[in-house]
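K.L.:
Line by line, the protein sequences are chains D and C. Using the numbering used here, read the first sequence as starting at 1 and increasing by one per residue. Using the numbering used here, read the second sequence as starting at 1001 and increasing by one per residue.
Errors might be hidden in some of the hints.
Label-pair restraints from in silico Cβ distances [said to hold, decoys possible]: (1) 45(D) x 1118(C): 30 to 40 angstroms; (2) 1051(C) x 175(D): 24 to 34 angstroms; (3) 1119(C) x 29(D): 39 to 49 angstroms.
No lab work stands behind these hints, which were simulated from the structure alone. Note that the Cβ used here is the ideal one computed from N, Cα and C, for glycine as well.
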Amino acid sequence: MIDGRDGDTSVMAGVYGPAEVKVSKEIYDRATLEVLLQPKVGPAGVREQSQEQCVRETCEAALLLSLHPRSSLTLILQVLHDDGSLLSCCLNAACMALMDAGLSMSCLFCGVTCAIGADGDIIADPTAAQEKESRALMTFAIDSTERRVMMSSTKGSFSVQELQECVAVSQKASEKVFQFYRDSVRRRYSKNL
Amino acid sequence: LASGMFSSLKEKIGEVLLPGDEFVFESEDTIFLTDNVKPERPVCGPGLRQSGNRLVVSKSGVLRHKPPHTFWMDSQQWRYVPAKAETVIGIVTSKSGDIFKVDVGGSEQASLSYLAFEGATKRNRPNVQVGDLVFAQFTVANKDMEPELVCIDGSGRANGMGVFGGGGLLLKVSLGLVRRLLAPQSDIRSDLEQLFPCELVVGMNGRIWVRASTIQQTLIISNLLQSCDTLTAPQRREQFRKLQKGGL
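Isolated chain D, as found in the complex (with noise of 0.2 angstroms):
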């Protein structure tokens, strides 16, 4: 579970596979991975729809899926909270699930949300209620390797400087997700060195 920093957004996630796939869904040379996204109150819709194909082609360009030809990956995520930068959230706690179940994995990735407010000024990790004042608001996947926006999914109206500073902020927040990613890891293997 990773808990936004102003707000209390909380995803949980769970990944099951490398699994028997349905012969419909078998692809020859590599695994196929499907993400469900489950609001906290709700069927899921088209929203949850867009946001999980976001983290699965997130997720597909990290993981080695050639390791695991004709089988499946199944990652499901379900919201606990709500309280701004979701999807952010949601990749996040995608990463940390999969490097936990053991799959192979290329690199790391983080998601950061950035908020541009009504005065043009940049809000990193936006809680609800700022993302509701914004003018624009975008949320970046980047990679562990060499930092590189791997997604980017914006809603609003910006520039291009504005989206450059964006892409630049995400990018140190990133250190700290991949600080915690490490100091995570290493607390969960200290039982047993």
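Dock chain C against chain D, hints included.
P.N.:
This is chain C only, laid out in the frame that chain D set:
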């Protein structure tokens, strides 16, 4: 004979590493004509991938080393991926013609031929029913093909493999615990030996079968083994000590 070749790797032995962490090995820039030293390449085990002169970590875990140059990542995982020559506990799920289909906990069921048992011939078929437990070894296990099991070794002898299982309990534990149990000097095994006499079959797919002289003892040992995953070594020894004194 410590070459500076893998010094960056050797520094990190015993440390926790994450996927994406990279090591580059230095290339030799002077060649000594009097030594017959060949540039040595590291042998990569599970969790490490090699591309050119770079070594990239692909699973999170602790970096382990076996001299002279074998490195691998010791990671915690529950899901099994079949690998050749590993012995596993399988559950027979169906009999079709000459082949049994066995569930080994992986992404695909493995196939086990009825002739792959000691002393089996076309007329003398082995007594295997659906639902039986088998202890078998992989002869074919790669990502592209269906895995195949056999219950005989290279010379045709069973060597401990085959159908088993009356009166015991089958549990699922993490792959790391199974490797720790099977290691040559295993703390957990020596602690268990001092408790009660019991029979243990350990499969590398994370399945352990336990049978002790009474049902209660069997349950105690199975609970202990399952808790070993989450206890540190001192906590585990404390539990064993409490049990030896007779407290439950």
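K.L.:
The structure should be examined with respect to each hint, and the outcome stated for every one.
P.N.:
Against the structure, the hints:
no. : hint                                 : result
1   : 45(D) x 1118(C): 30 to 40 angstroms  : 59 angstroms, violated
2   : 1051(C) x 175(D): 24 to 34 angstroms : 26 angstroms, holds
3   : 1119(C) x 29(D): 39 to 49 angstroms  : 41 angstroms, holds
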